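Engineer: Next come the chains, spelled out residue by residue.
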Amino acid sequence: MMSHWIIVPVILPALLAPIIGFVMRHDITMARIASLAGSTALFAVAIGLTMTAAGGETQVYRLGDWPAPFGIVLVLDRLAALMVLLTSTLGLVVLIHAVATGWDRRGHHFHALFQFQMMGICGAFLTGDVFNLFVFFEVLLIASYGLMIHGGGRDRMRAGLQYVVINLAGSTLFLFALGVLYASVGTLNMADIALRLQQMPQENTALIRVAAMLLMIVFAIKAAIFPMHFWLSATYANAPAPIAALFAIMTKVGAYAIIRVHTISFGPGIGATQDIGSSWLFPAAVVTIAIGAIGVLGARQLLPLVAFSVIGSMGTLMIAVAAFTPQATAAALYYLVHSTFAAAALFLLADLVLARRADQTLAPRLATANNGLFAALFFAAAIGMAGMPPLSGFPGKLLVLDALRMPGQIVWAWGAVLTGSLLTIVGLTRAGSLLFWKNAASGDAAATTPGRNDHGPIGVPEVAPTVIMLAILAGLTVFAGPVMGYVEATSAQIYDRPGYIASVLGTEMEG
Amino acid sequence: MEFVVASSIGVLTAGGVYLILRLRAFPVILGLTLLSYAVNLFLFASGRLAINMPPILSKYGAAAYTDPLPQALVLTAIVISFGMTAVLVMIALAAFLEAETDTVNLDRPGNADAPAKEGNSA
Numbered sequence: 001m002m003s004h005w006i007i008v009p010v011i012l013p014a015l016l017a018p019i020i021g022f023v024m025r026h027d028i029t030m031a032r033i034a035s036l037a038g039s040t041a042l043f044a045v046a047i048g049l050t051m052t053a054a055g056g057e058t059q060v061y062r063l064g065d066w067p068a069p070f071g072i073v074l075v076l077d078r079l080a081a082l083m084v085l086l087t088s089t090l091g092l093v094v095l096i097h098a099v100a101t102g103w104d105r106r107g108h109h110f111h112a113l114f115q116f117q118m119m120g121i122c123g124a125f126l127t128g129d130v131f132n133l134f135v136f137f138e139v140l141l142i143a144s145y146g147l148m149i150h151g152g153g154r155d156r157m158r159a160g161l162q163y164v165v166i167n168l169a170g171s172t173l174f175l176f177a178l179g180v181l182y183a184s185v186g187t188l189n190m191a192d193i194a195l196r197l198q199q200m201p202q203e204n205t206a207l208i209r210v211a212a213m214l215l216m217i218v219f220a221i222k223a224a225i226f227p228m229h230f231w232l233s234a235t236y237a238n239a240p241a242p243i244a245a246l247f248a249i250m251t252k253v254g255a256y257a258i259i260r261v262h263t264i265s266f267g268p269g270i271g272a273t274q275d276i277g278s279s280w281l282f283p284a285a286v287v288t289i290a291i292g293a294i295g296v297l298g299a300r301q302l303l304p305l306v307a308f309s310v311i312g313s314m315g316t317l318m319i320a321v322a323a324f325t326p327q328a329t330a331a332a333l334y335y336l337v338h339s340t341f342a343a344a345a346l347f348l349l350a351d352l353v354l355a356r357r358a359d360q361t362l363a364p365r366l367a368t369a370n371n372g373l374f375a376a377l378f379f380a381a382a383i384g385m386a387g388m389p390p391l392s393g394f395p396g397k398l399l400v401l402d403a404l405r406m407p408g409q410i411v412w413a414w415g416a417v418l419t420g421s422l423l424t425i426v427g428l429t430r431a432g433s434l435l436f437w438k439n440a441a442s443g444d445a446a447a448t449t450p451g452r453n454d455h456g457p458i459g460v461p462e463v464a465p466t467v468i469m470l471a472i473l474a475g476l477t478v479f480a481g482p483v484m485g486y487v488e489a490t491s492a493q494i495y496d497r498p499g500y501i502a503s504v505l506g507t508e509m510e511g
Numbered sequence: 512m513e514f515v516v517a518s519s520i521g522v523l524t525a526g527g528v529y530l531i532l533r534l535r536a537f538p539v540i541l542g543l544t545l546l547s548y549a550v551n552l553f554l555f556a557s558g559r560l561a562i563n564m565p566p567i568l569s570k571y572g573a574a575a576y577t578d579p580l581p582q583a584l585v586l587t588a589i590v591i592s593f594g595m596t597a598v599l600v601m602i603a604l605a606a607f608l609e610a611e612t613d614t615v616n617l618d619r620p621g622n623a624d625a626p627a628k629e630g631n632s633a
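Order-wise, the sequence lines are chains A and B. Using our numbering, the letters of the first sequence map in sequence onto residues 1 to 511. Using our numbering, the letters of the second sequence map in sequence onto residues 512 to 633.
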């Protein structure tokens, strides 16, 4: 029994994007309708897939019906379904924001690129083959290059060039890793790699370690973990703000790949590679938190501030991932969902605010229209990002801390997360009071500068996406119990390596 | 044979890394191209080096064949890196025309000069 719904999150945007790109290229209304309809359909499919996957069965979709180690498979388990649902939710809300604020008209092919981006991200989450993961990475990257420089401008083009260069170097590294892996294991199917590594004698594992470490570096570039985080602040600060909000899921692609590949294929129980998490990823995550916190504290402009808070949240996420225990991974998944929406909320809000301010420097300016509303929203989003109650950052960080109680971990992990949170709170508070509280006196020279785009008061469609993001954060707190139940089941399924291998390769016996 | 392949991959990689570290748009593009050549050769060699053997399993007689999978992987990698290089060239060109500087780094002195120039011409 093979459900064809598994491939729909890849096929649907892949078909829609060229239609939007070629047929509707001159008609923005049609493109908007098609893109919104496609994203809504994707969201519905993702809900359906999540409900199917919640049953706990690992479903396999064999492309071309070739059996698993020979053909490429898509694998739908709880983790993949959760990530696809997260992607489609974020995509839909960000798209509404982009349409409502008119960002999609500031360049060509926004909607086509957006759909290709969705295709790449969903494909990366669904695939069960490492080389196919590389291909989907390239799909999502090439779409993100286009989106990153959407609207153009000097600084954005230069930051875009830098972003392309670092990711091309990362792709090359990915290919080197895959070459080493294939040369030493002889397969690129994740389940098959795990199976063969379990049977491999201990002394032949030097190349496997190299491959696992190279893959870790590649994923760390995507996830912006120290020392591969340098690209993120420039990219996110110069990208169009709605795209930066969408990119909140791109760092999570890296985190997902580490969770998937380094648990199933290289994880606990595989002697050659099981200590990579504790000996490399954990210290890197601690440093990442520190960099994020210091960056938030030192930022002089709004978008870099948000970008550094994303780096800090990635550090917190990876510190939990690095433990590679079921409890810590469950906490990491909860925090992953939270931090995606928190980062997106901050970026969307920053976009609304910056459209009405003279510049993005954190300094007193003339109060914009709706200053009180923006202040309230920023307050809520900052609470979410910093991890204060009542929003979901608080239970998220609590779960992460609770999962890291090993003697070697506790001092570093608790110290880093708690100090990082404190510095983030201070940085965000400073930014909030400078932006919204200390308004320049009306006689001031700076105050007479009109807003950059001279927008009037805000309409409901423009502010709705930000409010939806914050509502999701509140919902994650209220329904923390059911969500935790799902992520704990997800985590148990991730660590059930024999079950995964049997589901992916077992179908070979039937066929 | 192994020595030739291994050293050529090494030389290409070293050249590519050196050129990327120049941090100017054109050398960086050339460097990334060299790196992608290196990785293509490397992938090709990951199925073990074999000469004069068919890339399919022969059902007649001896089972000597060369692994076809890396060849498929290389083909994919070539297509992707070709497309990516084209995108990179266009973005680099656009960035150069916008900023009148071809440094990849964002905070080089060249960056500070550009706005002044823009201001003069405006």
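What the hints contain is simulated information worked out from the structure, not anything from laboratory work. Since this is a predicted model, take the numbers as computed values, not measurements. Please note that the accuracy of each hint is not assured.
[To be verified] A partial selection of chain A residues facing chain B, derived with a Cβ cut-off under 7 Å: (1) Gln162; (2) Ile166; (3) Leu175; (4) Ala183.
Ideal Cβ placement from N, Cα and C applies to all residues, glycine included.
Engineer: Hint by hint, where does the structure go against what was stated? Just the numbers, ascending.
Structural biologist: 2
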